[in-house]
Every structure is written in C-alpha cells, then in structure tokens.
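Asker: As a plain string of letters, each chain reads:
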Amino acid sequence: MVMSAAAYLPAPKLGEWLKELSVRHLVLAPQARGDAVVFAPYAEGGEIVLDRDATMPPKQAVFPATEELLRFRRVKDPEDPGRVDVELSASQPAPKTVVFGARPCGTRGFLAYDRVYRSPKTTDPYYAARRDATLFVTVACTAPGNSCFCHWVGSGPDDASGSDLLLTPVTGGFVVLAVSGRGDELLGSPLLEPAGDRTAEAEKVLAAVRAALPPAPDISGARDGLTAVFDDMGFWDEVSAKCVSCGACTYLCPTCYCFNITDEGDGLAGRRLRTWDNCMSFQFTLEASGHNPRPTKAHRLRNRVGHKFSYYPALHEGAVACCGCGRCVRGCPVSVDIREIVLAAIVRAARAREETAHD
Amino acid sequence: MSPFETLKEKIREALPGLDCVIGWRQGFDPLHATPFFMRAPEDVEKLVWSPLCVHNLSTYLPSFRGKKVGIVLKGCDSRGVIELLQEKLVERENLVLFGLPCSGVADLTKLGRAAGDLDRVSAVAWDEAGFTLATPRGEVRVARRDALADKCLSCQFPNALEADHLPGDPLPPATGPDLGDEELAALEAMAPADLMARWAAEMSRCIRCYACRNACPMCVCRDHCIAQSRDPHWLSQEDSPREKLMFQLIHTMHLAGRCVECGECQRACPVDIPILALRRKMNRVVRELFDYQAGLDSQAVPPLFTFQVEEANIKERKW
Ligand code: SF4
Ligand code: SF4
Ligand code: SF4
Ligand code: SF4
Numbered sequence: 001m002v003m004s005a006a007a008y009l010p011a012p013k014l015g016e017w018l019k020e021l022s023v024r025h026l027v028l029a030p031q032a033r034g035d036a037v038v039f040a041p042y043a044e045g046g047e048i049v050l051d052r053d054a055t056m057p058p059k060q061a062v063f064p065a066t067e068e069l070l071r072f073r074r075v076k077d078p079e080d081p082g083r084v085d086v087e088l089s090a091s092q093p094a095p096k097t098v099v100f101g102a103r104p105c106g107t108r109g110f111l112a113y114d115r116v117y118r119s120p121k122t123t124d125p126y127y128a129a130r131r132d133a134t135l136f137v138t139v140a141c142t143a144p145g146n147s148c149f150c151h152w153v154g155s156g157p158d159d160a161s162g163s164d165l166l167l168t169p170v171t172g173g174f175v176v177l178a179v180s181g182r183g184d185e186l187l188g189s190p191l192l193e194p195a196g197d198r199t200a201e202a203e204k205v206l207a208a209v210r211a212a213l214p215p216a217p218d219i220s221g222a223r224d225g226l227t228a229v230f231d232d233m234g235f236w237d238e239v240s241a242k243c244v245s246c247g248a249c250t251y252l253c254p255t256c257y258c259f260n261i262t263d264e265g266d267g268l269a270g271r272r273l274r275t276w277d278n279c280m281s282f283q284f285t286l287e288a289s290g291h292n293p294r295p296t297k298a299h300r301l302r303n304r305v306g307h308k309f310s311y312y313p314a315l316h317e318g319a320v321a322c323c324g325c326g327r328c329v330r331g332c333p334v335s336v337d338i339r340e341i342v343l344a345a346i347v348r349a350a351r352a353r354e355e356t357a358h359d
Numbered sequence: 001m002s003p004f005e006t007l008k009e010k011i012r013e014a015l016p017g018l019d020c021v022i023g024w025r026q027g028f029d030p031l032h033a034t035p036f037f038m039r040a041p042e043d044v045e046k047l048v049w050s051p052l053c054v055h056n057l058s059t060y061l062p063s064f065r066g067k068k069v070g071i072v073l074k075g076c077d078s079r080g081v082i083e084l085l086q087e088k089l090v091e092r093e094n095l096v097l098f099g100l101p102c103s104g105v106a107d108l109t110k111l112g113r114a115a116g117d118l119d120r121v122s123a124v125a126w127d128e129a130g131f132t133l134a135t136p137r138g139e140v141r142v143a144r145r146d147a148l149a150d151k152c153l154s155c156q157f158p159n160a161l162e163a164d165h166l167p168g169d170p171l172p173p174a175t176g177p178d179l180g181d182e183e184l185a186a187l188e189a190m191a192p193a194d195l196m197a198r199w200a201a202e203m204s205r206c207i208r209c210y211a212c213r214n215a216c217p218m219c220v221c222r223d224h225c226i227a228q229s230r231d232p233h234w235l236s237q238e239d240s241p242r243e244k245l246m247f248q249l250i251h252t253m254h255l256a257g258r259c260v261e262c263g264e265c266q267r268a269c270p271v272d273i274p275i276l277a278l279r280r281k282m283n284r285v286v287r288e289l290f291d292y293q294a295g296l297d298s299q300a301v302p303p304l305f306t307f308q309v310e311e312a313n314i315k316e317r318k319w
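Residue numbers (the working numbering), protein chains in the order written: chain H, 1 to 359; chain V, 1 to 319.
Simulated from the structure, these hints should not be mistaken for laboratory data.
Don't take each hint at face value.
Stated by the list, open to error - Going by beta-carbon spacing under 10 Å, a handful of chain H positions derived as facing chain V:
no., residue
1, R33
2, A65
3, L273
4, S335
5, V336
To be verified - Away from chain V, derived, C-beta distances all over 10 Å, residues of chain H:
no., residue
6, R74
7, D80
8, R115
9, W152
10, P169
11, L213
12, L268
Quantities reported herein were computed from a predicted structural model and do not represent experimental measurements.
Backbone N, C-alpha and C define an ideal beta-carbon position, used for all residues, glycine too.
All chains, full assembly: derive it from the sequences and hints.
Answerer: Here it is as structure tokens:
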C-alpha cells in the first residue's frame, strides 16, 4: 500500500462527496429501510448508516436477485408461414456504479464470485460487465461484532482485497486510501484534503480493532475434515436439526452465487430470467424424474458448509468461500452457527481418524 | 424446587422413552437462545428458559411425525401444537408437552432499535420492568413495553393450553396495550393507493428467502409450496414488490382460520418486514365471521375444514 496517497474526508462532507460521485455513477450506500439496512441508491439527503453492518451485503450491485438475460420472440417467416424463427435480443445493462460503505467482508465476497464467473476458463459476460463497472469504497471496521469471524478465514477488519478505496474512521472523518489503480480515479474530489498526521491515527484505529478480535481457532483441517464426515449422516442430522431450511443464510451471504434460470412469457414472446437460487431449498437439486439427491435439510446444510469450507477451496487453491461476515449467523431465524459446524466437523473427523487408527 | 428445575426433572424422567425433547439452549451470543434437541439426560443441564426463548418450537413437530417427542412450550407455542393436533398433523399420543408459565419474550428487533448494533451487545439482563443491554456506548435500559414482542404485551394465554406438565403457578393474562391492533388501525385508515405504496416499499427489500414460511408452525407444505413449485410454475421468478407481496397474500390466505398469531413469520424475516399485520387482519376477519380463534381447543374443527349450511355471521341469503 502506498500510504502517501492517503486523503482525508471530513465526516460532514460525506453527503456532498456521495452527491459528487453520483454525477457519474450510481452510488449504492447502506441506508435504513424499516429496521433493516440495505444498499440503496443514494439520493441527496439520504442518511448513510455506518454504525452497524448492513443487513444485506452489497451483492445485488453485481449479482441482482433477478436479472433479465434476454428476450425472445417467435416470428413467422413471411415467405414460409409454416416456419417459425426465434428472435433474440440480449440485455446487458451495466451502469457505472460505486458501492459505498460496505465492510471489508462484504466487498471481499466478490472475490469468491470472481474465481467462478470471471476465471481464465469461463467468463459470465453479465457478471463481468457489472463487476467491471463497479467500484468499491469500503469502510474498515473499528470493532468486531459477536458473529464476526473474518480473521478465521484469512481476512481482517482492514482487509482491502477487492476494494478500490479503503476508508478508516478517525476523529471527525475518514482517512481515504486508494487500494487499487481504479481507486485513484475517485480521489480527484476537491472535498478531499491531504491526510497528513491522520494516517498515523488510522493505523492506530486499525491496530486496536485487530487486537480486539478474539483469537481465531485453526480451521486448516476444515477442508479434509468436511470431506471425511461427508457420509456421516448422523453428524449432519444433528447439526441441522434446528435448521428450518429457508434461504435466509444463502441470500444474506456475500459469497453465495447460485442461480436459477427460467423462461417466462406468454404465447410467442418472453424473457429469460436469472434469479438467485439457494442450496438450502428442496427444489435446488430436484431432478426432472422427481428424484432428489439432497432430500433432507441435513443433505442441504452439508452442501452449504462443505462447499464453502471444503469443495470450493479444493478447486480454488485453498481459498475459503466464506468471508466471515457472520450474516448467516445473525440472520438465521434459529441461529444456526456455521462456525460451530465447521469446528464440530474438524473434531468429528479427527475422532473418526483416531478410532480407525485404534481398530 | 423452582418450576424450571421441576420441569427439567420431568424431562429427564421422560427422555428414555422419547426420541428427543425440544427446548432451547444458549446461542452464539448473550442475546440469542437457540432451539435445542435434548437426547441424553446430561443435555437437560444445557436447557434454558428465559425471555430470549423466542422461537415457537412447535414448527418442528410435523417433521417428527410417528416418533415420540417432547417439547417445551410457552403459552402461545401451545396453540401451535393444538392447531397441529386439530389438523391431524401430529398425534397426541406421540407428544409429551412440557409447559411453563410465560411472562413474555423479547423482540430482538425492538432491542436492536435501542442498542444500535445488536451484534455488539456484550451482556443482557432483565427484570420485571425491562431489559439492560451492555453496549459499546454503555448500558442501555429498555422498558418492557419497548422490549417485549407485541403479542406478549397483550397475551391472553400465558400458560400452555394443553400440557402434560405445567409446574409453577399459572400466570394471569397480560393487560398491556394491543400494539398489533394499533398497527392495524393505522393501516386500515390509509387510502388504498397509499397502502399499496406502503406495502411495495416494505416488500422491495424482501429477498424471497421464505424464512417467514418455514418458521411458521402451520406452514406444512414447505418443500412443495406453490410459491416455488417449478412444474407448474405458478409464480414468476420476477422479484418485483408486487410478486413478493403476492406470496405474503398466499401465506395469509393459506393460514386463514389456522394462524395462531405466534408472530414467527415476522420474527424470522431477516430484513424485518412487518408482515404479521396481514395475518392479524385475516385473524380478525375469521373471528368476526366464525367467532373462532385457531389453536385453542384440540377437539374443535377449524372453520375452513368444514361448512355450515347456515353460517351464523354470513348472511348469504340476505344478499
Ligand atoms: S441455516 Fe438458518 S437461515 Fe440457513 S436455511 Fe437453515 S434455518 Fe434458514
Ligand atoms: S457463510 Fe455466513 S459468514 Fe460466511 S460469508 Fe456467507 S453469510 Fe458471511
Ligand atoms: S402465519 Fe405467522 S403468526 Fe400465523 S401461525 Fe404462521 S408464523 Fe405464526
Ligand atoms: S422472511 Fe422476509 S425476506 Fe424472507 S421471504 Fe419472508 S418477507 Fe421476504
């Protein structure tokens, strides 16, 4: 990081700065909607909520809950009315967007997406277009919450990966640091002042929050552990007993990227929609024959945890597909705790290993 | 022995003959209790009973059909069990019901309003007058009225209506304000267009997670809900507020005469959409038409499970 690039944004100028950014970008910022906090388009006077993490992660910015992929229309060939052609028109809106005010974990979620939707092997053009058009102005955390565990998964309250600017709250405002080449583009504002000594204060703030995190357990055994307990349905029944098999955990998750595709329309014309889907739903693996390879919530929760902490890391050089934001823990109606399940799987696998060794 | 200790003793005695007893234990932080399936006598030590035992555990019962299970019940939760019995979705002989008189549970959304960030509450305590939360800003005191679930402030059934064990002295009905009624009155006073705009605004943050449905003890179609069936594909995948409100109306209609007003649907909603009002409205209609409240009498037949040639409050011949 090049600390010399640091600037300072006085807190009272925040609204003005967002307004300035809104001239050329759609600015999505955390705002209260009822008792929830969601990323919504910033309009002048909108009150930005930064004193708690947003209920929803910013994933809709790049991965909307419903996205039209294309429109289709059947047209009769005027020369040969017996022949019907399908006319397609693809839609690919990718407005220039700034996501302001996500926490490092919320922003970092897109790195899990990138490995899948923008890899050297395959690129999803819809995802890539939005991703390329979106800049992230992330605000570092100043105190961990009860459900936070970013440091278990190799991240931290000041993790700038995936961000373009990192803001650190200091007395009276924010120290603003460009953490990507694209971040520099956003630093031209006359509202920003040189950070000067405030950089040192920012360093202190970040050191304090790093020190405030409780020690992280070693979860390096998760990858093999989860594979080892894969067939142990007794284990999965036990840890999923209280799960009600809804989709809250997945839809709140900044790294859950699964989707469904449906063609909807009437008669001769329609739209192809891509919508969020989730592995906790019965329909997710329901086959046309009626067979369902994941018939129970135990099978489904096994997939959710296994995918994040074992199968995904196996495919992507050890990267865990969980950024430790804790949203699934906070948002679950029955407080299913993914941390507890990962740790329990490691213990269970170790015990099974010992038992086989003694046999 | 306190009523709670007596109950634990009863659970320990009953456990050997049961698949499990469903109760609560401490969850991931001081503010969260979490459903707990006790299988061994030593599990009973971890059972908790407090104003944080917010969940209606009767929602799990249909999944244990055919097995013998026990369940710990607040007064309102017992209505869920009774409704399940009425609908023959569970068998009475397979259930052991452990009730405790309940003086109300917290509404974590309300506590969040007072605390700012619920995830940074490091300790919680309560007494008759309210809750005390330890937050980074210092201690925050929340009065009972601003902390308890609406249903508890005006609870008519604080003691399980059907129970095999109910230690302790039964509590009298609560005499607090009916905030649900106040909310409904405000909604009913709105012009239709404003009301629609209000619901559109609320539903726009719905993520279609169906936690509202899956936490509901009376929503028993679950995996086969028409909201998600793919063949036929009844509902559009389009996530407009209108489509999302459509599901809420489906839920409300399917719960007509069955909803026990436990509030789980709203409590489960991760984005805090105030959807209970729709169910309350329907319950009021059912009460007016059929003079009926769900889940009070395991022998009663729910009004929409039967018909009367002449309904007392529906004057169809006079239309
Ligand atoms: S873990 Fe919680 S949020 Fe996820 S499906 Fe189960 S009940 Fe729903
Ligand atoms: S799995 Fe849970 S903690 Fe991990 S990124 Fe997703 S919501 Fe956050
Ligand atoms: S609709 Fe809501 S209030 Fe009614 S029974 Fe279901 S969860 Fe309870
Ligand atoms: S729980 Fe809330 S967000 Fe989820 S489907 Fe129901 S209303 Fe929508």
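Asker: Each hint should be assessed against the structure and marked as holding or not.
Answerer: Do the hints match the structure? See the list:
| no. | hint | verdict |
| --- | --- | --- |
| 1 | R33 | holds (5 Å) |
| 2 | A65 | holds (5 Å) |
| 3 | L273 | holds (5 Å) |
| 4 | S335 | holds (4 Å) |
| 5 | V336 | holds (8 Å) |
| 6 | R74 | holds (19 Å) |
| 7 | D80 | holds (32 Å) |
| 8 | R115 | holds (24 Å) |
| 9 | W152 | holds (14 Å) |
| 10 | P169 | holds (13 Å) |
| 11 | L213 | holds (13 Å) |
| 12 | L268 | holds (18 Å) |
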